[in-house]
Amino acid sequence: MSRARTPQARPLPGWLFVPAGLALAFVALPIAGLLTRVPWLRLPALLATPESVDALALSLQTCAASLILTIVLGLPLALAIARSTGPWAAVARVLAVLPMVLPPVVAGLALLVTLGRRGLLGAHLSAFGIEIGFTTLAVVIGQTFVAMPYFVIAVEAALRTLDPGFEQVAATLGASPSRVLSRITLPLLAPAFVSGAAMALARALGEFGATLTFAGSLQGVTQTLPQAIYLAREVEPDAALALSVVLLGLAAALMAVSGLVNRAASGVSDG
Amino acid sequence: MADDVLITAAIDARQFDVDATLAAGRVTAIVGPNGSGKSTLVGLVSGELRPDRGSVSLGLRVLSDAAAHVPTHRRPIALLAQRPLLFPHLDVVDNVAFGVRSRGAGKTEARERALRELDAVGAAPLASRRARALSGGEAQRVALARALATDPAIVLLDEPLASLDVATAGAMRALLAERLPACGATVALVTHDPLDIWTLADDLVCLEAGRLVESGPIADVLARPRTGFLADLSGVNLLEGTADPHDPAANGVLVGDDRVLGLWEGPEDAVGGQHVMATFAPSAVALFRTPPAGSPRNTWGVRVVDVDPRGATVRVNLTVANGQRLSADLSAPGAAALSLAPGDQLHAQVKATQVFLYPRH
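Going down the list, the sequences are from chains X and R. Counting from 1, one number per residue, gives the positions in the first sequence under our numbering. Counting from 272, one number per residue, gives the positions in the second sequence under our numbering.
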């Protein structure tokens, strides 16, 4: 009942490891290739250039902001759509994850024609002197737009598999819906929360297309790491490789965190 | 301090329409076949469900009716279900203190209350353990402490022993027998186990297909069962028939073409044609291959449905001519001598002094 079960490993047919190995090599080889070309000795110097420092700082700042936005808006959204039924909930569920499969350039265009200077909302904001397009704020909005679905989908999936008995028993113990949410539901969701946030942050760090379309690529203002890499690629390939290593390291670290949290949590799931 | 819980409620989608009372400060067993509405009854009291018509109230306080619905967390209730459902991210003492804190107590006060309650269920040494490090029996003890720590006016026990093994269930049953009367609450106990009923409950409410079919003190209801379900629960045979139109006192009850004689227990004399129940213990039934010699009275033709060995005795399930079921408990050697097989035609005999006759309501 309350003890974690150790799943019995089921034997797989031996031939299956051939395509499995190919798949792993398919992913691992390009990464290895990248790592062999990195000018490791010049790495500190390449990362210390003003362009690199600006891009790195901007990426970290905007990603931190978009992560906060993702959690503040995405958590209520995940809760609401996980607990709602009916056709509107189904529509909301599709909308909520749509940016995940939308081509980033389309996402950027959509943001531009909505929030840009002549956009649907942007035109009205412009009248009040508020400009969003091609500002740092646009970068944050673009990153949040594409990254939030990763967080929402992780939290929503965890909510759906959460044993409703915990919340029910908490209510019989006198806990108001807010107290049930903060003391029971959210702590039980913590693993999904962390891994969802890690996925969203990784996605925001790598965001390129939507940002370029909606925010441009102005050094120190809208030029994030991926854009700096893209621009440096022809002019100074070594700088591009150096910045790539930074992104690769960050992404790998985030996935490792997500994996560790899920592994630690797999024993918590039943009561 | 305790109050009656009055449920007069209908839920159309569940074809549930019941008028039942849980008497103040007593333990009422809620029994019935699967799907009879036991969980619906619990859901109505807990606030999980709201009646389409009627009301649920605690004494004079209305919990649910057409105009109002007190949400679960504002009801003075506690629920102990089949699974302990301890919060896995909290340790044992914080689990028990959770309800006390939720109802407004300070941190220290809640902790003290939790420790007292843990002590009362014999789980004090577990206080600092993580909830998920407990065994099933330990977890259910802690869950009971958590439920009772809030001093609920109503305690809902939804098959609290069903997922425990026999030995653990026995210890938990003894604990419930000790703690439930002490807590002073009005208790509803959903169960399938006659042992739970006899050990823990004072009254019984029996539901079938979303309707109340019987209620009253345990001894009354189970000694003279009026439905097949209750007869099974109390382990007796039940045959239903009509009083003989000519001199019912002497001629007994007609079950199809069979005549059942017994001791009349009705408050008034039997009236011919009246609907009458006859009960007798399976151990009172004797089986014969050939019609028994001597008195032909209370001997009926029966057909063997199946044979169920139970250690030293053998339970033989039978049907009488009009299809009603009965069982006979034979000694293993006695059963072996008869070499029974499903489909065999036999003669069953019961002494009239071991049969009790009483009217259906």
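Watch out, some of these pointers could steer you wrong.
Far from chain X, by Cβ distances over 12 Å, these chain R residues were calculated [claimed, not checked]:
(1) 314
(2) 347
(3) 484
Restraint ranges, calculated between C-beta atoms of paired labels, are given here [stated by the list, open to error]:
(4) 88/X with 387/R: 30 to 38 Å
(5) 85/X with 404/R: 33 to 41 Å
(6) 422/R with 165/X: 45 to 53 Å
(7) 463/R with 182/X: 31 to 39 Å
(8) 285/R with 30/X: 25 to 33 Å
(9) 106/X with 422/R: 58 to 66 Å
(10) 284/R with 165/X: 19 to 27 Å
FYI, nobody ran anything at the bench for these hints, they're computed from the structure. Beta carbons: idealized from backbone N, C-alpha and C, even for Gly.
So, going through the hints one by one against the coordinates:
no., hint, result
1, 314, "10 Å, violated"
2, 347, "8 Å, violated"
3, 484, "28 Å, holds"
4, 88/X with 387/R: 30 to 38 Å, "49 Å, violated"
5, 85/X with 404/R: 33 to 41 Å, "36 Å, holds"
6, 422/R with 165/X: 45 to 53 Å, "23 Å, violated"
7, 463/R with 182/X: 31 to 39 Å, "37 Å, holds"
8, 285/R with 30/X: 25 to 33 Å, "59 Å, violated"
9, 106/X with 422/R: 58 to 66 Å, "60 Å, holds"
10, 284/R with 165/X: 19 to 27 Å, "22 Å, holds"
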